[in-house]
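**Student:** Letter by letter, the chains look like this.
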Amino acid sequence: MKPSVLRFLAVLPLLLLAACGDDGAGGKRRIAVIPKGTTHEFWKSIHAGANKAGAELGVEIIWKGPQKEDDRDDQIKVVEDFISRGVDGIVVAPLDDKALAPPLSDAVREGIPVVICDSGVEWDGHVSFVATDNYRGGVLAAERLGTLLGGNGKVVMLRYQEGSASTMAREAGFLATVTGKFPGIDVVSSNQYGGATTESSYKRGEALLTAFPGVEGIFCPNESTTFGMLRALQDAGRAGKVRFVGFDSSEKLMQALGSGELDGLVLQNPFLMGELSVRVLVDHLEGRSVERRIDTGARVATRENMDEPDVKALLAPDLSAWLK
Amino acid sequence: MMAAAKQTAGEARRGRRARRVLALLGPFLGLLLVVGLFSLLAPESFLSAYNFKTVATQTVIVGLGAVGMTFVIVSGGIDLSVGSVIALASVVTALLLRDGRAPVLAVLAGVCTAGLCGLVNGLLITRLRIVPFIVTLGMLGMARGFAKYLAGEQKIDAPAYWLADLMTKSPQPGWLLVAPGVWGMFLLALFMGLVLRATVLGTHAFAIGSNEDTARLCGVPVAQNKVVIYALCGLFAGLAGVMQFGRLTVGDPTTAIGKELDIIAAVVIGGGSLAGGEGSILGAMIGAFLMSFLANGCNLTGVPNYVQEIIIGAIIVAAVAVDRLRHR
Chain B
1 MKPSVLRFLA VLPLLLLAAC GDDGAGGKRR IAVIPKGTTH EFWKSIHAGA
51 NKAGAELGVE IIWKGPQKED DRDDQIKVVE DFISRGVDGI VVAPLDDKAL
101 APPLSDAVRE GIPVVICDSG VEWDGHVSFV ATDNYRGGVL AAERLGTLLG
151 GNGKVVMLRY QEGSASTMAR EAGFLATVTG KFPGIDVVSS NQYGGATTES
201 SYKRGEALLT AFPGVEGIFC PNESTTFGML RALQDAGRAG KVRFVGFDSS
251 EKLMQALGSG ELDGLVLQNP FLMGELSVRV LVDHLEGRSV ERRIDTGARV
301 ATRENMDEPD VKALLAPDLS AWLK
Chain X
1 MMAAAKQTAG EARRGRRARR VLALLGPFLG LLLVVGLFSL LAPESFLSAY
51 NFKTVATQTV IVGLGAVGMT FVIVSGGIDL SVGSVIALAS VVTALLLRDG
101 RAPVLAVLAG VCTAGLCGLV NGLLITRLRI VPFIVTLGML GMARGFAKYL
151 AGEQKIDAPA YWLADLMTKS PQPGWLLVAP GVWGMFLLAL FMGLVLRATV
201 LGTHAFAIGS NEDTARLCGV PVAQNKVVIY ALCGLFAGLA GVMQFGRLTV
251 GDPTTAIGKE LDIIAAVVIG GGSLAGGEGS ILGAMIGAFL MSFLANGCNL
301 TGVPNYVQEI IIGAIIVAAV AVDRLRHR
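Chains as they are written, first to last, in my numbering: chain B, 1 to 324; chain X, 1 to 328.
It cannot be assumed that every hint is accurate.
What the hints assert, rightly or not - Label-pair ranges, simulated between beta-carbon atoms:
hint, chain 1, residue 1, chain 2, residue 2, range
1, B, Q234, X, Y50, 53 to 59 angstroms
2, B, T197, X, L33, 40 to 46 angstroms
3, X, Y50, B, G58, 40 to 46 angstroms
4, X, L29, B, K312, 54 to 60 angstroms
Said to hold, decoys possible - 30 angstroms max Cα-Cα, derived DSS-like pairs, lysine-lysine:
hint, chain 1, residue 1, chain 2, residue 2
5, B, K203, X, K148
6, B, K28, X, K169
7, B, K68, X, K148
8, B, K28, X, K53
9, B, K68, B, K52
10, B, K203, B, K252
Said to hold, decoys possible - Here are a few chain X residues that sit away from chain B, every Cβ distance over 12 angstroms (derived from the structure):
hint, residue
11, K53
12, L96
13, L108
14, L116
15, I130
16, L137
17, M142
18, Y149
19, K169
20, C218
21, L248
22, I257
23, C298
Derived from the structure by calculation, the hints contain no laboratory data.
Ideal Cβ placement from N, Cα and C applies to all residues, glycine included.
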């Protein structure tokens, strides 16, 4: 028993040391950036943006997501461990608007400033809140769809999920604009929820298309509802015939935009979100005053403008320069 | 002749005690090693009172679950439903709090719901003679689905009252040092450790786990004991669920997914054998803390998540491998 135990014990520290890499970064400031998960494209863009700011400002960026994707408790653990570690600042995209408040208060009590990015939290101890103005994103979508329809027609909005603050703001912005600015447009359905997955949105989309055969315009407030609805339209042979505006981007949605099955995609700027979150935190650490709310903007990608460099950078960002 | 028999009996007892100590030696050394290693790698942050408080609080949920799970594993069973039951208990507690019920009542309801899940597990296993793996796998789905149904497929915001204080790192009064939930876990672990070592229930659990047929022939009420053991495991999952609510301050039906595997790992790292008949509460506690310190240390030193997962996986296999060698 003994030799094998010892062998195992001997290997363990090597493994850990190897994994640690170049952690001892001298006198550099260390800023922890905590996303909701680590595998989605959106978070990779935020990571790249944070790395860019880190490299330009000479601060070390420590990127660490919850061990389990989208697990509230795991994200709390990550925040707690960064408090123990004594980093100089924390940037966090909270998985929950309530559950993250207590550990973030702990951070501030321990003298660690916090910048909130992407999603809000019911807590006012933050230095700044850096996120898309989602209501404005919904307004942009409504303007695009309303113009395409010439201000007339039957419109369906497939909602995402109850309790999701960012998409609810997009839905509110869309509804207010489409009914306020385009009196000729009739919103025939706006009370259906696509749910968390593409599959559930697909089914809900099919049901809506069956229930409202005369629909001329559709809006979906995020990637999964947009893609689910796109699949339903394709299945029904109506893709390209119905005016369709979605939110966020992916490989498949880009193709659909190019082929005319989608008429617009409202795009956020996660790269800028990551970059500005770090910049604003460093500004605060260096004693400069900062804005409490920073909007990182949204714009509509269309078939016409999708090859312009700045739209392309949002549709399919090249992150390789900032992610090793 | 008599003297010889008495002597061998004494030797056997001494041997058993020696083996028990030896069984705890491995995990304990592992724990010391992990703590020692990270103390060297990150002396300032890892070796602080604040960090130890943090780790202790982070261990409560797995620790409480592991207390109940130890009984199940000692008796030769397994309970895969614990993670889902934790979520269900946290949802039930949150629902009652949202409806304005007294916190005590909400906690009681959460814990009892979880206990009921355990009871159902035990009854299905003994009455229908289905292996625990399948019954609790079924309960894993049912409890999770039921939690989502009750919560309307979203998290429940509820006033947390003193439940949030159970898991706070700055407890009142200050002489408590660690969160009340941590004390609760230690006291319950101590108590259940005694139950496992020194009561009829504990002895029966070991007897059933060692050899169920022999135990039955010796007059041990196997079915009855199993029902009690699974219900107990459910109750502890319920307590863990209440702590989970205290920590999140929202009732989250998607919380603790996969937590049952962490809990089983804690028991196994602590010397529990999935073949039954072996395991201890102290060992399970050591196992739970070992995993917590490892995760915490990895976060403090900047080890990426995937390395952490690989290491924990390796430790589980290594712990069982060491256990095998000890048996040879």
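**Student:** If a hint holds in the structure, say so; if it does not, say that too.
**Tutor:** These are the hints, each one checked on the structure:
1. In this structure the supplied range 53 to 59 angstroms holds for Q234 (chain B) paired with Y50 (chain X), their Cβ-Cβ distance being about 55 angstroms.
2. One distance hint, 40 to 46 angstroms for the beta-carbon pair T197 (chain B) and L33 (chain X), holds here, with the actual separation near 42 angstroms.
3. The beta-carbon spacing between Y50 (chain X) and G58 (chain B), approximately 28 angstroms, falls outside the hinted interval of 40 to 46 angstroms.
4. Checked against the hint of 54 to 60 angstroms, the C-beta distance between L29 (chain X) and K312 (chain B) comes to roughly 57 angstroms, which is consistent with it.
5. Note on K203 (chain B) and K148 (chain X): the hinted pairing holds, with a Cα-Cα distance of about 20 angstroms set against a maximum of 30 angstroms.
6. Note on K28 (chain B) and K169 (chain X): the hinted pairing holds, with a Cα-Cα distance of about 29 angstroms set against a maximum of 30 angstroms.
7. Only pairs whose Cα atoms come within 30 angstroms are accepted, and K68 (chain B) paired with K148 (chain X) is accepted, the gap being roughly 19 angstroms.
8. A C-alpha spacing of about 28 angstroms is found between K28 (chain B) and K53 (chain X), which places the hinted pair at or below 30 angstroms, so the restraint holds.
9. Simply put, K68 (chain B) and K52 (chain B) have alpha-carbon atoms about 26 angstroms apart, close enough for the 30 angstroms limit, and the pair holds.
10. For a cut-off of 30 angstroms, the pair hint linking K203 (chain B) to K252 (chain B) stands: about 18 angstroms separates their Cα positions.
11. Not every CB of chain B is more than 12 angstroms from the CB of K53 (chain X) (nearest about 9 angstroms), against its label as outside the interface.
12. Distance check on L96 (chain X): its Cβ is at least 18 angstroms (rounded) from any Cβ of chain B, clearing the 12 angstroms threshold; non-interface status holds.
13. Listed as a non-interface residue, L108 (chain X) keeps its Cβ farther than 12 angstroms from every Cβ of chain B; the least gap is roughly 23 angstroms.
14. With a closest Cβ-Cβ approach of about 24 angstroms to chain B, L116 (chain X) is found to remain outside the 12 angstroms limit, as its non-interface label requires.
15. Remark: the non-interface label on I130 (chain X) is consistent with the geometry, its nearest Cβ contact in chain B lying 30 angstroms away (cut-off 12 angstroms).
16. The claim that L137 (chain X) is not at the interface with chain B holds, since no C-beta of that chain comes within 12 angstroms of its own (minimum 20 angstroms).
17. With a least CB separation of 20 angstroms from chain B, M142 (chain X) remains clear of the 12 angstroms interface cut-off, as annotated.
18. The Cβ of Y149 (chain X) lies farther than 12 angstroms from every Cβ of chain B, with a closest approach of about 15 angstroms, so its non-interface assignment holds.
19. Non-interface call for K169 (chain X) relative to chain B: violated, since the shortest CB-CB distance, roughly 7 angstroms, does not exceed 12 angstroms.
20. Every CB of chain B is more than 12 angstroms from the CB of C218 (chain X) (nearest about 32 angstroms), matching its label as outside the interface.
21. Its beta-carbon lying about 4 angstroms from the closest one in chain B, L248 (chain X) breaks the requirement of being farther than 12 angstroms from that chain.
22. Against chain B, the non-interface label of I257 (chain X) is violated: not every CB pair exceeds 12 angstroms, the least being about 7 angstroms.
23. Non-interface call for C298 (chain X) relative to chain B: violated, since the shortest CB-CB distance, roughly 8 angstroms, does not exceed 12 angstroms.
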